[in-house]
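Novice: Those protein sequence lines, which keep their order, are chains R and G.
Just so it is clear: in the first sequence, position 215 is 1427 by the working numbering, and no numbers are missing.
Just so it is clear: in the second sequence, position 87 is 114 by the working numbering, and no numbers are missing.
Hint data in this document are derived by calculation from the structure and do not stem from the laboratory.
Warning: the hint list may mix true and false statements.
Cross-link-like lysine-lysine pairs, in silico, DSBU-like; alpha carbons within 30 Å at most [said to hold, decoys possible]:
1) Lys29(G) x Lys52(G)
2) Lys1611(R) x Lys63(G)
3) Lys59(G) x Lys1263(R)
4) Lys63(G) x Lys83(G)
Note that the structure is predicted; figures quoted are calculated from it, not measured.
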Amino acid sequence: MGKTIAEKIFDAHRRDNPSGENVVLDLDVVMCHEITTPIAINDLVERGLDKVFDPAKIKVVIDHVTPSKDSKTATQAKILRDWAHRHKIIDFFDIGSNGVCHALFPEKGFVRPGYTIIMGDSHTCTHGAFGAFAAGVGTTDLEVGIFKGVCSFRLPETMKINIVGSLPEGVFAKDIILYIIKELTVNGATDKVMEFVGPVVDAMSMESRMTLCNMAIEAGGTCGVCMPDKVTAEYLWPFIKDEYGSLDAAVEEFKKWHSDSDAQYCDEITFDISNIVPQVTYGFKPDEVKDVTELEGSPVDQVYIGSCTNGRIEDLREAAQVLKGRKLAPGVRGILAPATPLVYTTAMDEGIIQIFMEAGFCVTNPTCGACLGMSNGVLAAGEVCASTTNRNFNGRMGKGGMVHLMSPRSAAAAAVRGAITDHRSL
Amino acid sequence: MKKFSGSVLFLDRSDINTDEIIPAKYLTENSKLALKPYILEDLKLPGFDPQTGPQKAGIIVTRGNFGCGSSREHAVWVFEVNDINVVIGEGFARIFRQNMFNCGMLAIELAPEDIDALFKMGPELTIAVDIEKEIVQATGSTSATFSFRLNSFDKELVEAGGWLTYADKKY
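Taking the hints into account, I'd like the entire structure generated from these sequences.
Specialist: And the structure:
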């Protein structure tokens, strides 16, 4: 019987089977940020177990609230910073070099096909775009990961999601994943690996695949995963060229992780996206999604473009297409948070930052900040935000605030109209 | 081992998310105890007041996909510091469920009809969980017993007091 990519990765990393349903895996990368790691560090110190399993396999960034906004966040940053220095963790990113973890770490080449990755952050599923098994975990799992280099998982089933058809003009990976979550519901993939396959995925850039996998958790998925191919190898090439003689050799090697044709799935669903239109959320759950045309004219107070979902250069380019030569609608606030320093400088070189600023946007440093209502764009009660982020929970971007999730191009259209707008009509 | 009994707080909705259990703005706290006053602060349910609702509770009974959203273990700790060590529901988000057992706490799955029966026995209800017999003993104006299944690894985590102690000994 054939195996899925997740089963192959599990087989290659299995340390223990503590029960028939659970497996303990060896970890290739443990990622850490300043919100969920400090309590783990403090606990290890208190227990007299202040050790790390392998400093080269631990990647650390201060990204959620940065630069620190108050004494509490400054303390979180300090705990993480001191710990990284104490354990000689080379890959540590502080202000000046930091960015949103799930955009920064792939950009630095820390992810490989076949890897096992955990982080104390639910959107860790993003890294599955590279053909890795990457899962968000709580602080205790993170703590054990740091200390012992292992993590336990219940054996997940895999759901095969086949995306076919021809991508309509003005429809993006964000629209596709919102459409899929609407169909599956927020509980539809709980405890399952979501394997994204098909010609539409094959044709996607790594940026778009990351957007797709990023929101697997919003359907309850353990991990989103794409088959590693030439697109993956090209993205990683600067980091793997010494390892493989040629791009073709890397692509060939990556194939060993591909799901077998006779692999077993708990479910196989095909989505033909040929006729979908831009998608927007309307309620307080990510599966409450409608066609943009049904929400046309719904007013917004703020527009936020950034995050681990849609703060990459491809996203900024799309938004800039709409914003070029246009201004924010009167009374609307626009915030751009490029996800990483490289995204920021690339956007500067391409004149994109200027387009945003001429439109009236505030451009902030790379940070998660506003996405979860912690800093840099928190909403007041009663305010509405058109956002390229991944979660529209009640109060997510600020108590009493409301969030409409959408693609960068749709968010830019909302910015210039002051209301939800089908960007294709601009 | 922790205490697995007490009076019940009913939360009658599916998909209660981590932001409703503990909003992100409190994630800047570096101690679990500091989270205590903020339990379920953003949860809007008819008849539920986060100030008084959780006060006397030792156990939560809820519907499906409880704890969806963020990976924040704060959503488990805020229960722990309020002496709530058990959540009983139709199902749980993966990370929340694992965080409960990792802290030596119980996330117990019952069939929807059993959850319905518990809701009907409310609102004044006490529950005692026996992890050896794998039963939930509910006592209100009437009493009833419900069986659940506890995975052997999850049971070991509960007995060890959590994943860190377990992993430190074994790996």
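Novice: Run every hint past the structure and note whether it holds.
Specialist: Evaluation of the provided hints:
Annotation: proposed proximity of Lys29(G) to Lys52(G) holds, straight-line Cα distance about 28 Å (limit 30 Å). Restraint check for Lys1611(R) and Lys63(G): the C-alpha separation of about 19 Å stays at or below 30 Å, so the hint holds. This hinted pair checks out: Lys59(G) and Lys1263(R) have alpha carbons roughly 22 Å apart, not beyond 30 Å. The hinted pair formed by Lys63(G) and Lys83(G) meets the criterion: a straight-line CA distance of about 13 Å does not exceed 30 Å.
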